[in-house]
Amino acid sequence: MRAMKKWLASLMALALLAGMLPAALAAETTIYLDGYHLQGEEGAPGVYEVKEGGQLSLKGDLTRTGVVESKEFEDAAEIFEIPVYTAKGSVEVTVTDGYVPGEPTEGTNEDGDVWAKLALATAGIDTVTYDAEKKSAETVKENALYFEGKITYVEADSEEEKTVSLQEFYGDPDIWDKIGTPPNIHKGSKAVLTEPGAYRVSAYYEALAGGCVAYVIIPETADTADTPDTATVPVEKENETTPAAPKFTDVAADSPYAAAIEWAVGKEITLGKTETTFAPADPCTVSHILTFLWRANGRPGAEEGAADRDSAAKWALEKEMVAQDADLAATCTRSMAVTFMWKAAGSPEAKTEKAFTDVAADAEYAAAVAWAVENEITAGTGDGTTFAPGNPCNRGQIVTFLHRAAAET
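Position 374, counted from 1, in the sequence shown is what our numbering calls 374; the numbers after and before it change by one each time, with no gaps.
The set of hints was computed from the structure by calculation and includes no laboratory data.
Don't be surprised by glycine CBs; every beta carbon is placed ideally from N, CA and C.
Any given hint could be a false lead.
[Unchecked claim] Straight-line C-alpha distance at most 30 Å; calculated DSSO-like pairs for lysine-lysine:
(1) Lys135 <-> Lys319
(2) Lys247 <-> Lys267
(3) Lys135 <-> Lys59
(4) Lys134 <-> Lys178
(5) Lys162 <-> Lys141
(6) Lys267 <-> Lys187
(7) Lys135 <-> Lys162
(8) Lys354 <-> Lys343
(9) Lys88 <-> Lys59
(10) Lys273 <-> Lys314
[Unchecked claim] Cβ-Cβ distance ranges computed for the label pairs, FRET-style:
(11) Lys314 <-> Glu81: 46 to 56 Å
(12) Glu106 <-> Ala329: 41 to 51 Å
(13) Thr385 <-> Lys343: 48 to 58 Å
(14) Ala329 <-> Pro300: 15 to 25 Å
(15) Ser347 <-> Glu160: 31 to 41 Å
(16) Thr63 <-> Ala329: 32 to 42 Å
(17) Arg299 <-> Ser347: 14 to 24 Å
Take these sequences, add in the hints, and give me the full structure.
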């Protein structure tokens, strides 16, 4: 009996250890996705995980956390499911099918039948907003990122075959008028998702031959967010108190945005999306950013009965922050946000320069970014070598920028 108890205890210890291993040794996994039978050739239409191949692969610390329901690939009423994965850290996305230079794209098989390999004609990475409850997603920005890879196509006029980078191809607004045959994306094209946000990654074959699509969510963390520096928290004047901000269910106490959100709500610069949520990851429009900035600057020129957004737009126009025909409903990028702040401050010249790999020295927003870094409004993104100027500026980031700027005044 004693030996039996000892054996059971050892077995239980092994079981506990085995249960702990996945969490302790959480490692990267590679998920291969096949959506070629989205039109129902094999069972229910949808995107499936396969052992290898498919059209796309995702590599990272990934967990499947939901689906998006769509009818995008077929005319029938049947709905298929697109997988949603949540990642801890960065995700490498690879195109696992496509053109391989030197390999035949057509021929004849042993039975004499002619075959032709389908061209993988498009591949993209869009930023989106994802609604888990409704199982839906809305596009924020198409081609927010580009795959690092090549695409081969035949020019319509000269019938000459050309190979260019995917960024060059998609960066040409008239490209689809210039090609004579479906383009062919090269197998192995890659992209690495590093910034927090929601992404749709896709690869489609020519015409209506199907394709593959998936959603990737990278949550905000203290390591990936534009993290507030505790040394720059504004000091309140004596006898001045800030009203307590509501406790939002989507803002944890240790969130990198928590202090800035509490400050912004207390100063009535912004409120939550609802009574219980702030939605820190939601992208802002130009109008949102200008309104927050106008309030943070003391509501200059406020008129009784006028909406804050209208007063903010008028103020921004007077300060030459925006043009008369500016699209205030457009998504505001990070470079636009710091440029608005820089202009509101009088467009001061920075004494030092911070070199980000994605901010060219002659970029129209370079001076604004340099000023923002010098004043500790931003320290860049990721490991501090990039600024991500084209990424949407979300609600958490803009209140963090404003919070830091307040510390410098």
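Exercise. Given the hint that lysine 135 pairs with lysine 319, does the C-alpha gap stay at or below 30 Å?
Worked result: 42 Å, violated
For this session: Given the hint that lysine 134 pairs with lysine 178, test it: the Cα-Cα distance must not exceed 30 Å.
Result: It is violated: about 40 Å lies between the C-alpha atoms, which goes past 30 Å.
Exercise. Does 41 to 51 Å hold as the CB distance between glutamate 106 and alanine 329, or does it fail?
Worked result: 47 Å, holds
Exercise. Cβ-Cβ distance between serine 347 and glutamate 160: within 31 to 41 Å?
Worked result: 48 Å, violated
Problem set entry | Satisfaction of hint between lysine 187 and lysine 267, Cα-Cα up to 30 Å | 52 Å, violated
Exercise. Can the suggested window of 48 to 58 Å be confirmed for the beta-carbon pair threonine 385 and lysine 343?
Worked result: 26 Å, violated
Problem set entry | Restraint check for lysine 162 with lysine 141, where alpha carbons must lie at most 30 Å apart | 28 Å, holds
Exercise. Between alanine 329 and proline 300, does the beta-carbon spacing fit 15 to 25 Å?
Worked result: Since alanine 329 and proline 300 have Cβ atoms about 23 Å apart, the given range 15 to 25 Å holds.
Problem set entry | Satisfaction of hint between lysine 59 and lysine 88, Cα-Cα up to 30 Å | It holds: about 11 Å lies between the C-alpha atoms, which stays within 30 Å.
Problem set entry | Assessment of proposed distance window 32 to 42 Å (beta carbons of threonine 63, alanine 329) | Given about 35 Å between the Cβ atoms, the range holds.
Exercise. Are lysine 135 and lysine 162 close enough, with their CA atoms no more than 30 Å apart?
Worked result: 40 Å, violated
Exercise. For the pair supplied as a hint, lysine 247 and lysine 267, is the alpha-carbon distance within the 30 Å limit?
Worked result: Given pair lysine 247, lysine 267 holds - Cα atoms ~15 Å apart, limit 30 Å.
The earlier numbered hints that this structure contradicts are 1, 4, 6, 7, 13 and 15.
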